[in-house]
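**Student:** Chain order of the listed sequences is A and B.
Take the first sequence: its position 142, counting from 1, is numbered 150 in the working numbering, and each next residue is one higher.
Take the second sequence: its position 99, counting from 1, is numbered 107 in the working numbering, and each next residue is one higher.
Hints were generated in silico from the structure; no laboratory data involved.
C-beta: ideal position from N, C-alpha, C; glycine also.
Honestly, I wouldn't trust all of these hints.
Straight-line C-alpha distance at most 20 angstroms; calculated DMTMM-like pairs for lysine to aspartate or glutamate [as the list claims (entries may be wrong)]:
{"hint": "1", "chain 1": "B", "residue 1": "Lys37", "chain 2": "A", "residue 2": "Asp53"}
{"hint": "2", "chain 1": "A", "residue 1": "Lys16", "chain 2": "A", "residue 2": "Glu115"}
{"hint": "3", "chain 1": "B", "residue 1": "Lys109", "chain 2": "B", "residue 2": "Asp130"}
{"hint": "4", "chain 1": "B", "residue 1": "Lys37", "chain 2": "A", "residue 2": "Glu92"}
{"hint": "5", "chain 1": "A", "residue 1": "Lys37", "chain 2": "B", "residue 2": "Asp53"}
{"hint": "6", "chain 1": "A", "residue 1": "Lys16", "chain 2": "A", "residue 2": "Asp53"}
{"hint": "7", "chain 1": "B", "residue 1": "Lys37", "chain 2": "A", "residue 2": "Glu45"}
{"hint": "8", "chain 1": "B", "residue 1": "Lys48", "chain 2": "B", "residue 2": "Glu11"}
{"hint": "9", "chain 1": "A", "residue 1": "Lys110", "chain 2": "A", "residue 2": "Glu58"}
{"hint": "10", "chain 1": "A", "residue 1": "Lys67", "chain 2": "A", "residue 2": "Glu31"}
{"hint": "11", "chain 1": "B", "residue 1": "Lys48", "chain 2": "B", "residue 2": "Glu115"}
{"hint": "12", "chain 1": "B", "residue 1": "Lys67", "chain 2": "A", "residue 2": "Glu115"}
{"hint": "13", "chain 1": "B", "residue 1": "Lys16", "chain 2": "B", "residue 2": "Asp53"}
{"hint": "14", "chain 1": "B", "residue 1": "Lys110", "chain 2": "B", "residue 2": "Asp130"}
{"hint": "15", "chain 1": "A", "residue 1": "Lys37", "chain 2": "B", "residue 2": "Glu45"}
{"hint": "16", "chain 1": "B", "residue 1": "Lys37", "chain 2": "A", "residue 2": "Asp41"}
{"hint": "17", "chain 1": "A", "residue 1": "Lys26", "chain 2": "A", "residue 2": "Asp53"}
{"hint": "18", "chain 1": "A", "residue 1": "Lys67", "chain 2": "B", "residue 2": "Glu92"}
{"hint": "19", "chain 1": "B", "residue 1": "Lys26", "chain 2": "B", "residue 2": "Asp53"}
{"hint": "20", "chain 1": "B", "residue 1": "Lys26", "chain 2": "B", "residue 2": "Glu115"}
{"hint": "21", "chain 1": "B", "residue 1": "Lys26", "chain 2": "B", "residue 2": "Glu11"}
{"hint": "22", "chain 1": "A", "residue 1": "Lys110", "chain 2": "A", "residue 2": "Asp130"}
{"hint": "23", "chain 1": "A", "residue 1": "Lys26", "chain 2": "A", "residue 2": "Asp41"}
{"hint": "24", "chain 1": "A", "residue 1": "Lys109", "chain 2": "A", "residue 2": "Glu58"}
{"hint": "25", "chain 1": "A", "residue 1": "Lys67", "chain 2": "A", "residue 2": "Asp41"}
{"hint": "26", "chain 1": "B", "residue 1": "Lys67", "chain 2": "A", "residue 2": "Glu92"}
{"hint": "27", "chain 1": "B", "residue 1": "Lys110", "chain 2": "B", "residue 2": "Asp53"}
{"hint": "28", "chain 1": "A", "residue 1": "Lys37", "chain 2": "B", "residue 2": "Asp130"}
{"hint": "29", "chain 1": "A", "residue 1": "Lys37", "chain 2": "B", "residue 2": "Glu92"}
{"hint": "30", "chain 1": "B", "residue 1": "Lys37", "chain 2": "A", "residue 2": "Glu58"}
{"hint": "31", "chain 1": "B", "residue 1": "Lys12", "chain 2": "B", "residue 2": "Glu111"}
{"hint": "32", "chain 1": "A", "residue 1": "Lys37", "chain 2": "B", "residue 2": "Asp13"}
{"hint": "33", "chain 1": "A", "residue 1": "Lys67", "chain 2": "B", "residue 2": "Glu45"}
Negatives, chain A to chain B, calculated, CB over 12 angstroms [to be verified]:
{"hint": "34", "residue": "Asp13"}
{"hint": "35", "residue": "Ser21"}
{"hint": "36", "residue": "Arg35"}
{"hint": "37", "residue": "Glu92"}
{"hint": "38", "residue": "Thr124"}
Protein chains: 2
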Amino acid sequence: MIEKDGGKLVYVSSGCVKTAEGELPSRLKLILDNLHEVIKQYHPDLVAIEQVFVNINPKSTLLLGQARGAAICAAVLNNLQVSEYTALQIKQAVVGNGHAKKEQVQEMVMRILNLTSSPSSDAADALACAICHAHGGLGLGKISTAGYRMKRGRLV
Amino acid sequence: MIEKDGGKLVYVSSGCVKTAEGELPSRLKLILDNLHEVIKQYHPDLVAIEQVFVNINPKSTLLLGQARGAAICAAVLNNLQVSEYTALQIKQAVVGNGHAKKEQVQEMVMRILNLTSSPSSDAADALACAICHAHGGLGLGKISTAGYRMKRGRLV
């Protein structure tokens, strides 16, 4: 969760919903309930979600699809617009390189949001997705790189 | 939608939710809204859903997962218990043969529910899943086959 304050992006909150082992329906309900609570608490204006392309086994892909479906359901049930961005778009927007490593994404999320410590990898991905949307999803051009040393689109 | 009246199964309603081409979030919302309406109208006691095993391309698998996730969300949001059955279990319970063809499933669904015409293939699959649950999901043993001619688990 981030806030756009003029041209500045402000960190609000971040986290992961973890579902215990168990039956699928109750795990999906946990995702719904948790996200509903977050939405109720922070009243976001919109939601950005990573558009996944999966190259794992069909069972995991199906499971991921169901979890992602539940997350989108939580948003649309609260009448929130949902924007989707590919990992490539997100990395391009945040790091300036569509093939950046996870650590680079974490590092840039920390810098852009002025965090004192690095968020977890999953939380950083979510924050990066939000940053991507906040900057119009249009890549490095719209992100102020003042104070960052960049070389060929990479953070140095 | 079927009703269990003692040992007898009564047809209530069936159909398909079709989502037009468009953005994924609005398509998932259509599934949610449509199922919510059906649940509000008929007040089912529980929901049975086919447990899919997919052997299609990852993109379709992900899409199916998201649609299935939305359907399960509609159920759990209405506090309905969701039971999952594999196609094998369903066909075994309805036709008496886990590898029955689609037409055999449609035929048996018609007979079991005393329908005068065959439901569409998708609707028949859903009704078969409901029948499977109503009979305890335990296969042919619990289904009365009185009046049906069966041979080696097949309808003849």
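**Student:** For the pair supplied as a hint, B:Lys12 and B:Glu111, is the alpha-carbon distance within the 20 angstroms limit?
**Tutor:** 24 angstroms, violated
**Student:** Next pair to validate is B:Lys37 with A:Glu45; report whether the Cα-Cα distance is within 20 angstroms.
**Tutor:** Cα-Cα ~19 angstroms, so holds.
**Student:** Straight-line Cα separation of B:Lys26 and B:Glu115 no greater than 20 angstroms?
**Tutor:** Outside the cut-off at roughly 24 angstroms; violated.
**Student:** Has the given pair, A:Lys67 with A:Asp41, been kept, meaning a C-alpha gap of at most 20 angstroms?
**Tutor:** 24 angstroms, violated
**Student:** Take a quick look at whether B:Lys110 and B:Asp130 sit within 20 angstroms of each other, Cα to Cα.
**Tutor:** Status holds; Cα separation ~9 angstroms.
**Student:** Given the hinted pair A:Lys26 and A:Asp53, is their alpha-carbon gap at most 20 angstroms?
**Tutor:** With a Cα-Cα distance of about 24 angstroms, the restraint between A:Lys26 and A:Asp53 is violated, given a limit of 20 angstroms.
**Student:** If you draw a straight line from the CA of A:Lys16 to the CA of A:Asp53, is it 20 angstroms or shorter?
**Tutor:** This hinted pair holds, its Cα atoms lying about 16 angstroms apart.
**Student:** Checking one constraint from the list: CA of B:Lys67 to CA of A:Glu115, max 20 angstroms. Satisfied?
**Tutor:** Violated, because 31 angstroms separates the two Cα atoms, which is more than 20 angstroms.
**Student:** Does A:Ser21 really sit off the interface, with its C-beta more than 12 angstroms from all C-beta atoms of chain B?
**Tutor:** It holds; A:Ser21 is separated from chain B by about 22 angstroms at its closest Cβ, greater than 12 angstroms.
**Student:** Within a Cα-Cα threshold of 20 angstroms, do B:Lys37 and A:Glu58 meet the stated pairing?
**Tutor:** 18 angstroms, holds
**Student:** Could you grab the alpha-carbon distance between B:Lys26 and B:Asp53 and see if it respects the 20 angstroms cut-off?
**Tutor:** Distance of about 24 angstroms is beyond 20 angstroms: violated.
**Student:** Regarding the pair B:Lys37 and A:Asp53, is the alpha-carbon distance no greater than 20 angstroms?
**Tutor:** At roughly 18 angstroms apart (the allowed maximum being 20 angstroms), A:Asp53 and B:Lys37 satisfy the hint.
The structure fails to meet hints 11, 12, 17, 19, 20, 21, 25, 27, 28, 31, 32, 33, 36 and 37 from the earlier list, while all remaining hints are met.
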